[in-house]
Every structure is written in structure tokens, then in C-alpha cells.
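Use the sequences and the hints to build the structure in full.
In order, the protein sequences belong to chains A and B.
Residue numbers for the first sequence follow the working numbering, so the first one is 1 and each next one is one higher.
Residue numbers for the second sequence follow the working numbering, so the first one is 1001 and each next one is one higher.
Just so you know, not all the hints are guaranteed correct.
[As the list claims (entries may be wrong)] Here's a subset of chain B near chain A, in silico, CB distances under 7 Å, partners left out:
id : residue
1  : Ala1043
2  : Gly1047
3  : Met1181
[As the list claims (entries may be wrong)] Far from chain A, some chain B residues (derived; all Cβ distances over 12 Å):
id : residue
4  : Gly1080
5  : Arg1107
6  : Pro1116
[As the list claims (entries may be wrong)] Over 12 Å on every C-beta distance to chain A, these chain B residues come out as not near it, computed from the model:
id : residue
7  : His1012
8  : Ser1013
9  : Tyr1045
10 : Val1052
11 : Leu1069
12 : Leu1076
13 : Arg1082
14 : Gln1150
15 : Met1159
16 : Asn1186
17 : Arg1208
By construction, these hints were calculated from the structure, which means they are not laboratory data.
C-beta atoms are modelled at their ideal positions from N, C-alpha and C, and glycine is treated no differently.
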Amino acid sequence: MNFRIWSPLLCVLVLISAAPASAQRQVIHEERSQYRNVLVTEFNGQRCMLFNIHRGDMNQTCIDLRNPRRLVFNYTKMSFAGLLINPEPERILVAGLGGGTIPMVMRELYPEAEIDVLEVDQAVVNVAREFFGYREDEKHEVHVVDARVFIKRAGLRGDKYDYIVLDAFSGEYIPEHLLTREFLEEVKAILTDDGVVVANTFASSDLYDYESVTYQAVFGEFYNFKRVGSGNRIILATNGELPELGDLRSRSRDLYDVLAPYDMNILEFPPLLTTEADWDESTRILTDQYSPANLLN
Amino acid sequence: MQQQQALVSVSHSVASRLAILAVAFINGFVIMSIELLGGRVLAPYFGSSVHVWGSIIAVFMLSLSLGYLWGGKLSLRNPGHRTFISFFIFAALLCLPIIYLADPVMRTIFLSIEDPRYGSLWSAVFLYFAPICVMGMVSPYSVRLLVLTQEQSGGVAGMLYFVSTLGSALGTLATSFYFVMWFEINQVMWGCVVALLLCAALIAFSSRHAIKEQTS
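And the structure:
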């Protein structure tokens, strides 16, 4: 065999086998994917799903093996801020499965709710079921489909959801067609009047400004939710007027007890929500014609 | 008689030979620019899953392969600059539906085909087959116009593959690195239309010039 051809491959193999050892991280499973292979690792009592081990920080989702109910990631906890706006969701749509944490917690909190989950990668669904305890039921279904396609069809059918989580953006490649004004208009069209859109977006990078003006163009004023030490920003948007902060505070007191077991202190959330624009409002809106998100990140 | 046919069917002058290489380069550039934008055109209806890219690449390859075949066939009968020029004009015109009809075409297909794999495949066929097929005809036809002797034919073909594929490489890079950040999709598409029309003008100008040179 020609070593010149094989040496890069060998390097990669050496790196793959060396990386977990140096990080004390154990790869317990690798699932082949049409997109990027999905790795499951265990480290320090946590089990994580990753798309790229070499980048180190590419944990898609983690669970605490000693206390599986405890939410590990800040942004996952932050996404439940949507309950402050709609504390009684009946039809829930989650775009982006990950380990299935958000839909599973929603199922525990709201046993009667109908839940649709959208995940483009079958491998992620397989791994979530096998390693993260993800379970569907008769009113909870995961659809292996591009979120844009599903939401467009839901709009044509006239389906409505009162709690929509957009969380398809983690990882290295950003699906640019899920950031545009046209997409958000399609999301808005399937949102009930009292519903809420919870979008997990980028807190740093140029994209912050672009996403902010695009959400503003479609939904008008929205609640912006950032926490120190988290690279994520949660947008809470509605179809009409935003509820007053005072209402959110009283709801957070009602929700505190049910969310505490998940290591969430929702009382901390309302003071961090703001409608103030801390972005450059002259930024260009992202559209289907113009969405260079991966170049802006 | 034979002398006269040679006059119209091959390019002797340096200017017209360079012009043919230049348009082969631009043609390659435009093809890949349109292919790269294709993913963005289809994404709002069919997503950006791996099969959408599969559809686009497959349709482009199919269009080019048939374009090569038919372009080569066409070069057997009365080859000349006029046919060559018409390729670019047709290609430019066939790009206009991508700008103006993409939405209604994709909406119709989206409503009638549930599976996004076949939805994206048929959309790519309807939007891209005709223009890319015509652009594919350019390559074998250029070989016909440039080859003077049998001994040269391999060298000429190699040179044409070189410039057109180099154009494709640069078209891919320029579009994905810069154009999508600077322009809207349709603005880049208009750029492609204008570039194709410029190709037609360049060939028209250089061949007229060459004929004048030879007849005087």
C-alpha cells in the first residue's frame, strides 16, 4: 500500500483513538449518519451526544446519569421561559430533537399536550431513543423531515401550535433557510393567537444583529433573554401583544415548584427578559434571497 | 469549396481562439455559480437535506452529459460561429425562468409531491435541465471550432477542459464565499444572464473581425 495515501488516514485514526484518552472521555457509541456521524460519549457522570469530537465543545445535548431529570445546559433551561408566556400549552412543536430533553420534559409537565418533534437526521432519532431515554407516545411523534418543509405543509393544512420551539441551529453548519423572514412568516402562520415562539439563537457573532432585525421584522417587539456565560440567546415572540413583565413574574411563581426538579429556577428568568434592542437596527434582514448565515457566524 | 468551409467552421485568428477559450471559462463559471445557488433556491420548499443537494447535482450532471452529446452531434453539421453564439443566447434566455418562475414551479410541485426527495428532483429538472443542457453543448462545440488538425485535437480538448473546469472552480468559490454575502440570489442570476450574453457578443465580435481579416 502506498503510505502517502494512507498516512492522512492513519493520522486521523490515531487522533480519534487518542482524543478520548486525553480528555478522559469515553466514546460508547458511534451512529452513522447521512449528515455527520453522531457520537455518544460518557464523561464525569454525564452522557453527551456530539457531532464532532475534534472541536471539543460540540456537545449537542447531555444528560446527568446520576440524576437524569436535571437539565445540564443553560440554554435548555432558558428555553422553558416560553412557559412564562404560555403556561398551558396544548399543541407543542419542537424543531430540532437533540437528545429529546425538551419534548420529554414537556411531556412530563403536560401529559395531555400533543407534541410534534422535527428532526432532519434519522441517526439523531436513533441515538436519542437508544441512549437518552427518548420515548414517543400516541400524542407525541417525531418526524424525520426538514423543519421548513414540515412547517410549510402544516400551514397549508391550517394546523396551529401554541408553543413552538426553534432549536435546529446548534452545531457547525447553520441551516440558512431556517433564519429567513419567509420562514419566520411561515412559523407565525401556524402560531395561535395566544401561542409563543421560543427560538434558540446565537448570542455572539455578527448573526446576533441579523437574527434580531429579522425576528423584529416578522414578530415586532419580542422578549430577548440572555444569561452571562451562555453563548445562546433565547427569543420569545408572540403573534400579538407581549404580556407585561408583571404577569411573567406572577407566572414564574406558579411554575417554580414544577420546574425545580429539573434544576431550573424560573424565578431568575423574568428580570433577565427585555424588549430593549441592543443590536444594530440598520442591519439587513435575512431573506430567502439573502441569507449568508454561515459566512456571518 | 473545402477551403471556404474551413473558413467558417474553424477559428484561425489568435483573437477568435482566445475568445473561445474565454467563453468556455465564463460558461464553466456560470454553470457552477447557478448550481451553488440552486441549493438556496430549492431550500424554502424542500429543505437543505442531503437529498436536495443530491437532486441538484444529479440533474446538473445529467443535463451536462446530454448537452455534451447533443453539442457534439450538432458540431457535425455545418459548424460555425452563428450556432455557437446562439447557444449563449438560448442559455441566457433559459435562465430567466429560474428568476421569474421558480416560486410558482416549486409551489406546484410542493403541492403535488409529498416526498421532498422527488419534489426537489422534479423542481431541479424543470428549472435547470434546459439551460444547463445548452451550456453543456458549448464544450464539444468549442473543440470543433478550435481543432485545426488531428494531431492537435487532444491538446485542444485538454486546454478547453482546463479553462472551463477552472472557471467552474472559481465560480463555485466566488459564489459561495462572496456573491451570496454581497448579493441576492436573483441579482447573481442576472449576473449570469449578462455574462452569457457577453459571451455571445464576444464571439460575434471576434468572429466578424476574423472573417474580415481573412477576406481582405
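Evaluated hints:
1. Ala1043: 4 Å, holds
2. Gly1047: Nearest chain A Cβ about 3 Å off; hint holds.
3. Met1181: Holds, about 4 Å.
4. Gly1080: 40 Å, holds
5. Arg1107: The claim is violated: arginine 1107(B) sits with its nearest Cβ about 10 Å from chain A, within 12 Å.
6. Pro1116: Given a closest Cβ separation of 5 Å, the condition is violated.
7. His1012: Per Cβ check, histidine 1012(B) is outside 12 Å of chain A; nearest 45 Å; holds.
8. Ser1013: With a cut-off of 12 Å, serine 1013(B) remains clear of chain A, as the shortest Cβ separation is near 43 Å.
9. Tyr1045: 7 Å, violated
10. Val1052: 8 Å, violated
11. Leu1069: 32 Å, holds
12. Leu1076: Holds, because the least Cβ-Cβ distance between leucine 1076(B) and chain A comes to about 42 Å, which exceeds 12 Å.
13. Arg1082: At roughly 36 Å from the nearest Cβ of chain A, arginine 1082(B) sits farther out than 12 Å, so the non-interface label holds.
14. Gln1150: Fine: 37 Å to the nearest Cβ keeps glutamine 1150(B) off the interface.
15. Met1159: 29 Å, holds
16. Asn1186: 6 Å, violated
17. Arg1208: The claim holds: arginine 1208(B) sits with its nearest Cβ about 39 Å from chain A, beyond 12 Å.
Of the numbered hints stated above, those contradicted by the structure are hints 5, 6, 9, 10, 16, listed in ascending order.
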